[in-house]
Amino acid sequence: MKWILITLLLLTSKYALIAKSLHVGSNHSFKTIKAALEKTESGDTVYIHKGLYKEGNIIINKSITLFGIDRPILDGDKKYEVLSVKSSYVTIRGLRVQHSGYASLDDPGGIKVYDATRVTIIDNELYDNFFGIYIQFSTHCLIKNNKIIAFGKEEQTIGNGIHCWKSDSLQIIGNSMKGCRDGIYFEFVNNSVIWRNTVTDNIRYGLHFMNSNNDAYFTNIFSRNGAGVAVMFSKKITMMNNTFNENWGDAAYGILLKEISDCHLSGNTFNKNTAAIFMDGCNRTIVEKNAFSNNGWGLKIQANCMDNTIQSNNFLKNTFDVSTNGTLLLNKFQYNYWDKYTGYDLNKDKIGDVPYRPLSLYSVIVENNPTAMLLYRSLIVTLLDQSEKKIPSLTPENFIDEKPLMNLLKL
Amino acid sequence: MGRIFKYVMLDIMKNRFVMVYTFILVLIGWSAFTLEDSSAKGILTLLNLILLTVPLVSILFSAIYIYNSAEFIELLISHPIKRKKIWLSLFWGLNSSLVTAFIIGAGIPLLIFAEPPLSFLMIGIGILITTIFVSLAMLCTIVYKDKAKGIGLTIVLWIYFALLFDGILLFLLFQFADYPIEQPMVLMTALSPLDLSRILILLQLDTSAIMGYTGAIFKDFFGTTIGMVVSLGLLILWGVLPFAYSLSKFKKKDL
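From first to last, the protein sequence lines stand for chains A and B. 767 is the number that this note's numbering gives to position 85 of the first sequence; each next residue is one higher, with no gaps. 383 is the number that this note's numbering gives to position 50 of the second sequence; each next residue is one higher, with no gaps.
Quick caveat, the hints were computed from the structure, so don't treat them as lab data. Among the clues, some could well be false.
[Claimed, not checked] Residues on chain B that point at chain A, a partial pick, calculated with CB under 7 angstroms:
hint : residue
1    : G500
2    : A510
3    : E515
4    : M518
5    : L520
6    : A549
[Unchecked claim] Computed cross-link-like contacts, DSS-like style, restricted to lysine-lysine with a CA-CA straight-line distance of at most 25 angstroms:
hint : chain 1 : residue 1 : chain 2 : residue 2
7    : A       : K1092     : A       : K1072
8    : B       : K374      : A       : K1022
9    : A       : K971      : A       : K918
10   : A       : K835      : A       : K732
11   : A       : K1014     : A       : K917
12   : A       : K1092     : A       : K1030
13   : A       : K954      : B       : K552
14   : B       : K418      : B       : K480
15   : A       : K829      : A       : K971
16   : A       : K954      : B       : K374
17   : A       : K954      : A       : K1022
18   : A       : K713      : A       : K702
19   : B       : K374      : A       : K999
20   : A       : K835      : B       : K552
21   : A       : K1071     : B       : K374
22   : A       : K732      : A       : K716
23   : A       : K1071     : A       : K1014
24   : A       : K760      : A       : K716
Glycine residues also receive a C-beta, built at the ideal position from the N, C-alpha and C atoms.
Isolated chain A (complex conformation):
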């Protein structure tokens, strides 16, 4: 039995023994990548040495590894898609891909993956491309430690950093994106994970979900994007331990949730966003253990949201902690810490004895009549808010945290 196994192993390792290494570079046997690719078989490794390669569109249709040594530069000359991966089991590592073409019909990218599985893209630099990395109809791909920089001026003329379309089981880990339209874009992408990325200064959203279900993003940083994350028309998205900083502007949000259900937000930090979370048509979502500080609005929850639970969050130094646009409230607020809470705790159970109404009258007025923002920080607004706190009459009766915490939660 043992001998049969060993024989089998030897037989299968035949391919590994045959696999070649091909070297591309000015001092090596192959001068161009395309020439080397013609000589490859599946399983080979192509080492690309330092240099500038302007070879138009390079198509990879065998299961090979492209390995950059001293970061060679692949340049698309602003005309071509640089790397097109049309085979499974391809690894691309250590390259700098730059200046891909611009076209609004076929969306050329720096690296584009077509109908493939288990493609690995690690440690590359994507500089000034239309789309950075583009994945379509692919599964089980790993995109790790890439650096994507683009110089988008407006939404129409620049693509996304990492664009994923109709794919499944992707892992996007440790990348950084800057200056793209959306940092990461998911459409019809399921069962995927986004972890430890740094997404800054993108024109539209840091991370954008459309019709994608069962995904998760953890421990990412989203700073100074048009909006940090937009989750739209999706289900069962888990969002944990992310940081949302300075997504600040006229229509900027930390997270924009639109028509989603059964999601879970936990342990996120929101600092200096115009509106930290905007919920529109959001159902059965749990928002817990998040920290909201120095935001214009902590939570904007529209009246069409239902059965959401907002619990155990810290609300600190926000201009408005929450606001809503109607009188209907079908969501539950409990065990939150509000820095504006002034109640007392006689039985010392660390839960305030007086329920807290987080909705200020002025926030209701502004929601109904945005021009009233004109009176921001005027004496009359302060007086109105104080009187409403004492004798609530205009704010929705059931918008209430029955069990506000006395002390800041340690998160």
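Assemble the complex: chain A is given as a structure, and chain B must be docked to it using the hints.
Quick look at chain B alone, frame taken from chain A:
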């Protein structure tokens, strides 16, 4: 004018009230920046100071001072001095002492702790608001010879500008909610120096982003150099017009 101005100045400087006012401004100004954890909070505290305390003190103190120096004014008038000169000296005396108090109290901490364009704007606006309310006080003293009525009027004016005017704005906002009223509102704010100042300063702070569409419209107007010049011009007009009117009245007034 020089000598009367000097006497008025010295008289006010000796007045304990202005001393106390300066001291309180110093106290608030420094504590706002040193006790708060960020300078943005300090600026908001000073904004409230400029919009509420400064106008109240300016208008009340000036009115009381002029009523109290009624005999001194009568004495001066009995001398061969032009009435215009007397009134102007009083105005400049009051104004410069209160402005000095403001600069010492709030101006220095602003210069130290706030960023240059904003700090200059806030100091400028503080000075203008002082001037405007001194000039309004002088109008009040001309309108009523009776001290109680005159001081009552100054308090009503302060409440009007600090509170009631905003109430009226809020009412109008709701009455005309169905119409595009953002632009008329820009004009409306010109009717209250305090609103105009508040918006000018708020637009310089980064909190302006949460003002949304309205903020954008305001920024379109007030954010530009022309808008800035126009609004500062309006504030100066607010300072000049009430005084000019009171001056023309004073010239003909039977004392």
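- Which hint numbers does the structure go against, in order from smallest to largest? 5, 7, 10 and 15
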